[in-house]
Amino acid sequence: MREAINEALHIAFNSDENIFMIGEDIATYGGQLRCSYGLVERFGPERVRDTPISEMAIVGAGVGAAIAGKRPIVELSYIDFLGSCFDQVLNQAAKIRYMYGGYVNVPLVIRTQCGAGLGNAAQHSQSLEAILAHIPGIRVVIPSNAYDAKGLLLHAIRDNNPVVFIEHKALYKKKCHVPEDPYEIDYTSDIKRKGDDVTIITYSAMVDRSLQAAEQLNSEFGIDAEVIDVRVLEPLDLQPLIGSAQKTGRVVIVHEACKKGGFGGELAAQIQEHVFDRLKGPILRVAAPDVPVPFADNLERQYVPDISKIIEAVTEVMNFHRSEV
Amino acid sequence: MREAINEALHIAFNSDENIFMIGEDIATYGGQLRCSYGLVERFGPERVRDTPISEMAIVGAGVGAAIAGKRPIVELSYIDFLGSCFDQVLNQAAKIRYMYGGYVNVPLVIRTQCGAGLGNAAQHSQSLEAILAHIPGIRVVIPSNAYDAKGLLLHAIRDNNPVVFIEHKALYKKKCHVPEDPYEIDYTSDIKRKGDDVTIITYSAMVDRSLQAAEQLNSEFGIDAEVIDVRVLEPLDLQPLIGSAQKTGRVVIVHEACKKGGFGGELAAQIQEHVFDRLKGPILRVAAPDVPVPFADNLERQYVPDISKIIEAVTEVMNFHRSEV
Amino acid sequence: MEKQTLIEMFRIMVRIREFESEAIELAKRNETRAAVHTYIGQEAIAAGVCAHMSNQDLITSTHRGHGHCIAKGADLERMFGELLGRDGGYCKGKGGSMHIADLSTGNLGANGIVGGGIPLAVGAALSLKISKSKNYVVSFFGDGATNQGSFHESLNLASIWALPVIFICENNEYAISTNVSKSINIENISERATAYGILGKSVDGNNVVSVYDDMQMAVEHVQSGKGPVLLEMKTYRIKGHYFGDNQNYRTREEVDLWKQKDPINTCETKLQNDYGLSSEIISKIKKEETKKVLDASTRAKLMSEPEIDDLTEDLYDLSFHNIKWISLQK
Amino acid sequence: MEKQTLIEMFRIMVRIREFESEAIELAKRNETRAAVHTYIGQEAIAAGVCAHMSNQDLITSTHRGHGHCIAKGADLERMFGELLGRDGGYCKGKGGSMHIADLSTGNLGANGIVGGGIPLAVGAALSLKISKSKNYVVSFFGDGATNQGSFHESLNLASIWALPVIFICENNEYAISTNVSKSINIENISERATAYGILGKSVDGNNVVSVYDDMQMAVEHVQSGKGPVLLEMKTYRIKGHYFGDNQNYRTREEVDLWKQKDPINTCETKLQNDYGLSSEIISKIKKEETKKVLDASTRAKLMSEPEIDDLTEDLYDLSFHNIKWISLQK
Ligand SMILES: Cc1ncc(C[n+]2csc(CCOP(=O)(O)OP(=O)(O)O)c2C)c(N)n1
Ligand SMILES: Cc1ncc(C[n+]2csc(CCOP(=O)(O)OP(=O)(O)O)c2C)c(N)n1
Ligand SMILES: [Mg+2]
Ligand SMILES: [Mg+2]
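Line order of the protein sequences matches chains L, B, X and R. First residue of the first sequence: 539, per the numbering used here; consecutive thereafter. First residue of the second sequence: 539, per the numbering used here; consecutive thereafter. First residue of the third sequence: 5, per the numbering used here; consecutive thereafter. First residue of the fourth sequence: 5, per the numbering used here; consecutive thereafter.
Please note: incorrect hints may appear among the correct ones.
Straight-line alpha carbon distances no greater than 30 Å define the calculated DSS-like cross-link-like pairs of lysine-lysine that follow [what the hints assert, rightly or not]:
(1) Lys230(X) / Lys265(X)
(2) Lys328(X) / Lys730(L)
(3) Lys265(R) / Lys288(R)
(4) Lys707(B) / Lys186(X)
(5) Lys265(X) / Lys711(L)
(6) Lys138(R) / Lys186(X)
(7) Lys136(X) / Lys186(R)
(8) Lys305(R) / Lys32(R)
(9) Lys205(R) / Lys288(R)
(10) Lys32(R) / Lys712(L)
(11) Lys138(X) / Lys265(R)
(12) Lys32(X) / Lys712(B)
(13) Lys711(B) / Lys186(R)
Over 12 Å on every C-beta distance to chain R, these chain X residues come out as not near it, computed from the model [to be verified]:
(14) Ala31
(15) Ser185
(16) Lys186
(17) Ile190
(18) Thr198
(19) Gly280
(20) Glu284
(21) Glu292
(22) Lys295
(23) Leu322
(24) Asn326
(25) Lys328
(26) Leu332
Derived by calculation from the structure, the hints in this document are not laboratory data. Predicted model, so just to flag it, every value in this text is computed and none were measured. Note that the Cβ used here is the ideal one computed from N, Cα and C, for glycine as well.
With these hints in hand, go ahead and build the complete structure from the sequences.
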């Protein structure tokens with residue numbers, strides 16, 4: 539996925555002079571995320587700027603430049619550092635357009651990295667997308683593979699609204715075919731696997747695990763799961779989710795963020811609002827437990843939802859039988 | 539509610555010398571929230587400290603003092619200013635105990651003010667409890683009246699974990715009988731009105747509105763609603779909610795925060811997980827629309843959920859009939 | 005100082021004072037629900053600073069922002085409309101007193117978050133620098149805001165990139181109830197410039213001529229590429245923090261002392277003594293401005309409330325910017 | 005400088021160096037998954053600062069925290085245990101390299117958030133002040149951290165309350181790949197003290213004697229109630245930001261130049277030349293420390309992994325503090 543993001547950035551810089559990027563160690567070093575290599579060499583230090591460790595000013599400068607007519611890209615090296623710039627996201631970027639009556643746009647993209655699995659411990663491993671999705675005014679894009687990442691990032695850069703683009707650290711090394719030419723992907727949910735028995739709704743690094751679980755469910759239990767990658771939490775493309783839930787009557791939601799207050803709750807609530815009638819069992823959620831991300835290898839492996847937990851939830855909902863009331 | 543909180547603070551200061559308070563304008567001025575009057579006169583400027591406008595340092599100083607053995611109370615004048623101190627909440631207060639293997643406690647109370655309705659506009663009117671409830675390691679207490687506020691605040695001050703105590707600005711002037719003597723209220727949900735037909739789950743300023751809606755539902759439609767005040771989002775006392783949902787089979791969740799990603803989603807998801815079988819219709823949510831809080835009087839009145847919207851949702855779920863699948 | 009320039013600044017100062025007085029009236033009569041943070045006593049600063057600025061020069065402002073807004077040339081009727089929450093207000097009633105922006109005059113917006121606008125100014129200045137523009141940005145904020153982390157990070161960032169931004173700290177002695185001496189341990193806030201290796205200077209903010217002159221120096225400094233400037237304007241908040249403040253934290257004597265240094269009176273005296281402006285002309289200006297303000301207020305009251313359906317409008321721009329993606333040449 | 009004090013500091017420096025070298029070995033052999041940010045080259049600072057401190061004097065530390073931890077007297081085995089993610093580690097394996105705390109030695113904890121620990125130090129100092137204790141707090145952080153808002157807010161708060169806290173900025177020239185000259189526009193970071201009206205001083209951080217002496221001055225300053233001190237320790241990060249860093253942002257020559265100022269060698273020379281310490285004793289100390297470190301590492305490897313069920317433990321303390329509420333007398 540890293541190369542796909544890098545390609546998108548190169549295309550963007552090459553296509554519009556108003557696009558520039560700021561962030562910590564993004565120039566010569568190529569970024570802590572290693573996604574911005576080659577940019578400073580090609581487009582120069584005016585448009586690719588290393589910053590001090592000043593997240594509030596960095597994100598704020600992005601917002602300010604966006605208001606003033608540029609199309610900045612800000613790299614926030616870990617989503618955990620939202621803590622250090624939250625005012626600029628919550629009270630500035632998200633609210634400016636509405637608060638000023640629709641007269642001021644904020645075409646800003648904040649690229650950042652989420653997720654556990656690499657031993658980075660509690661302060662460098664979080665999945666905070668639910669917090670962002672609760673803030674009206676922020677687009678939240680969270681791709682699950684290289685192909686989607688490139689198309690969604692180019693789309694996000696053309697968006698006239700602030701976008702937080704969340705890259706899962708475990709996906710950077712994952713590859714798939716990515717066309718060299720520019721292309722865009724709309725803010726849509728994507729059915730990654732068709733199936734009739736149960737709907738698995740997921741995003742980010744959990745898409746792969748869900749697909750693997752689906753294969754295993756099929757081969758071992760004969761259960762045919764549909765896997766939908768939400769891809770974008772705001773705006774949420776609900777129709778494919780509802781359509782699928784209507785068809786299967788059984789829904790499992792999978793995300794890596796801890797369960798309580800996670801985006802899975804929102805998805806579950808919306809789906810049962812829409813298709814209550816068709817549900818054959820409760821909507822189940824597979825998510826991390828409600829604790830910070832632990833460091834130790836075995837604890838962290840237990841922390842991140844794995845295939846077996848997905849399979850367990852699917853079989854549970856498949857085996858659910860309405861008791862007579 | 540203001541007097542009740544002030545009383546709790548006086549009792550706390552009077553009972554334990556390790557308790558002290560810092561915040562903006564809390565001493566002579568009595569606080570932007572007007573809850574800390576009389577404290578500095580009685581307990582002196584060493585324990586009641588005005589601070590500069592430095593939310594990160596204020597909350598951080600609270601965390602540091604708590605680690606070092608004190609029991610600080612920090613006043614954050616608006617919950618919206620979480621933006622300016624979020625790292626200390628998200629990455630420090632919440633994670634310290636777990637991250638350090640359970641060896642370090644953070645007995646800190648952050649008192650803050652939430653809510654719309656008084657024309658304070660987008661940056662001074664938010665309801666951000668869902669964000670806090672998604673962060674493992676933080677207690678979230680959100681009382682709906684003066685009596686509960688006093689008892690819950692004293693309980694929170696004895697908690698050895700960080701607590702965010704959220705006071706709705708529209709409740710400060712509301713009065714009810716509050717005993718003068720100290721008392722505590724555990725972290726429990728509270729059934730504020732018994733009823734058999736439908737369960738309304740709510741908290742904070744929406745409790746009163748829900749109770750009014752319940753009366754009207756009773757008198758106008760003969761619908762007997764049970765109203766449960768969650769009071770504490772973490773730890774969540776789920777049993778009364780489930781018990782009631784089991785009994786009525788119909789659930790409406792009401793909160794002032796905007797709907798998408800709000801805590802209502804979590805409540806809905808948990809309840810349907812537990813009592814799917816007994817539900818006679820979808821769980822509905824009444825919440826603010828997914829926009830920032832507007833300034834204009836008529837827009838803000840439309841923004842905050844009112845009795846009519848609660849009644850509408852209740853009648854909708856009462857009229858729901860399962861169609862044959 | 006050209007006479008005409010001084011008269012023009014005087015006029016702006018009077019306009020601001022009149023606007024704020026009317027805003028207080030509206031608050032008294034419960035016609036605006038907005039907390040009104042008035043600029044009374046600080047008018048020389050906005051007037052003297054903005055006198056140098058074109059509509060292409062940008063500002064960021066604060067919760068106490070009416071003065072900046074007016075000095076940048078805002079339409080008074082639309083301002084009152086916003087205070088009243090009307091659809092013809094600057095933000096269609098969505099923002100209120102603390103949230104007025106006006107891109108047409110280069111006003112990037114007031115801000116309810118103390119220190120919240122400072123990083124925005126840095127970003128705007130960065131955008132100007134990348135565009136090789138000669139324009140510059142002014143960020144207004146209070147003494148209290150200089151204790152925010154955003155102040156520190158912003159000044160540092162502006163310094164290392166040598167951005168064309170002038171930081172104007174209006175030290176009015178108070179942050180709500182807290183005297184600056186209780187929140188800052190140095191004599192002059194301008195000394196904070198030292199921490200960033202930029203130019204800092206303290207100025208008598210109640211004297212519009214000093215403000216104007218030092219601003220001129222600052223403009224030349226930033227335009228010559230020497231990086232940002234921090235100007236501390238020493239002034240005083242004559243009224244309470246907002247209309248309704250009980251002000252139990254200061255004495256009437258203290259306020260009265262400062263009233264003697266009223267920036268409008270000071271300017272008026274100067275115009276009469278040094279420039280021979282007649283009291284007739286002065287009172288004519290005052291009357292004109294009073295009328296302008298009251299007319300605007302009256303007209304604003306005739307504006308309608310926003311449509312209820314407008315509640316969910318204006319959050320997102322649903323159009324996408326038109327960029328033709330160009331393939332990379334290998 | 006007493007000979008014994010210097011020898012003891014030398015010993016601590018060697019211990020830190022050996023610990024870090026072994027940590028790199030563990031990383032090389034993939035035995036720890038933690039990003040190892042080594043303290044190599046900066047040992048004189050932790051050693052010289054902590055030589056003054058008792059277990060009741062407190063520190064806050066950083067992502068590059070092993071040195072502080074050791075200088076405060078931590079148990080090496082439990083440290084290695086934590087790096088390896090074992091149940092006998094300082095955090096039972098939950099924290100890893102960046103998150104070691106040890107209240108028994110006064111170490112309030114390392115921190116993965118740059119600048120995150122500085123406000124905690126201020127709070128701890130406030131708590132000491134309220135308790136009328138003579139103890140004080142040291143906050144360690146890097147050059148890069150001084151560009152964080154938390155640095156600014158914390159120093160200001162400590163200043164106005166005259167808190168007993170010593171801010172130790174370890175200026176090792178880099179924040180990851182970014183040279184300090186690209187992120188800060190002044191010669192000496194200690195000049196930032198000016199902004200808060202507190203004492204600031206720059207010190208040769210590679211010379212443990214200077215560190216020790218200036219720390220002594222700072223301790224006397226804070227203990228006499230004169231408020232906080234900012235000490236900038238000039239040093240150099242000899243290794244990459246973390247083990248695995250390609251270091252494409254600096255030259256080998258630059259690194260070699262600094263290697264000549266190695267704090268351990270410098271101290272060793274001083275011990276030999278000025279204090280007549282024999283090379284036998286020196287190599288004995290080195291051998292002892294190497295052994296201590298390697299033994300600790302070996303023993304740590306024998307610790308077990310945490311129990312899986314421990315995953316959800318330790319988040320909350322389920323007990324409530326015992327306070328008897330007293331009614332208010334009217
Ligand atoms: C981040 C933040 N903290 C606190 C407040 C509450 N508040 C509003 S105005 C104000 C005082 C600001 O003082 P100063 O910066 O000196 O500006 P002045 O009001 O004097 O113009 C405070 C504390 C806020 N709006 N934002
Ligand atoms: C708030 C925050 N921003 C960014 C980072 C990523 N990061 C980790 S260490 C580091 C460099 C820190 O530099 P400095 O403070 O000089 O300490 P040093 O590494 O040199 O010891 C950065 C940017 C972080 N951990 N926290
Ligand atoms: Mg002020
Ligand atoms: Mg450094």
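Hint-by-hint comparison with the structure:
no.: 1; hint: Lys230(X) / Lys265(X); in the structure: violated, 34 Å
no.: 2; hint: Lys328(X) / Lys730(L); in the structure: holds, 29 Å
no.: 3; hint: Lys265(R) / Lys288(R); in the structure: holds, 23 Å
no.: 4; hint: Lys707(B) / Lys186(X); in the structure: holds, 28 Å
no.: 5; hint: Lys265(X) / Lys711(L); in the structure: violated, 67 Å
no.: 6; hint: Lys138(R) / Lys186(X); in the structure: holds, 24 Å
no.: 7; hint: Lys136(X) / Lys186(R); in the structure: holds, 21 Å
no.: 8; hint: Lys305(R) / Lys32(R); in the structure: holds, 15 Å
no.: 9; hint: Lys205(R) / Lys288(R); in the structure: violated, 36 Å
no.: 10; hint: Lys32(R) / Lys712(L); in the structure: holds, 24 Å
no.: 11; hint: Lys138(X) / Lys265(R); in the structure: violated, 47 Å
no.: 12; hint: Lys32(X) / Lys712(B); in the structure: holds, 24 Å
no.: 13; hint: Lys711(B) / Lys186(R); in the structure: violated, 53 Å
no.: 14; hint: Ala31; in the structure: holds, 32 Å
no.: 15; hint: Ser185; in the structure: violated, 9 Å
no.: 16; hint: Lys186; in the structure: violated, 7 Å
no.: 17; hint: Ile190; in the structure: violated, 4 Å
no.: 18; hint: Thr198; in the structure: violated, 5 Å
no.: 19; hint: Gly280; in the structure: holds, 45 Å
no.: 20; hint: Glu284; in the structure: holds, 49 Å
no.: 21; hint: Glu292; in the structure: holds, 44 Å
no.: 22; hint: Lys295; in the structure: holds, 46 Å
no.: 23; hint: Leu322; in the structure: holds, 35 Å
no.: 24; hint: Asn326; in the structure: holds, 36 Å
no.: 25; hint: Lys328; in the structure: holds, 34 Å
no.: 26; hint: Leu332; in the structure: holds, 23 Å
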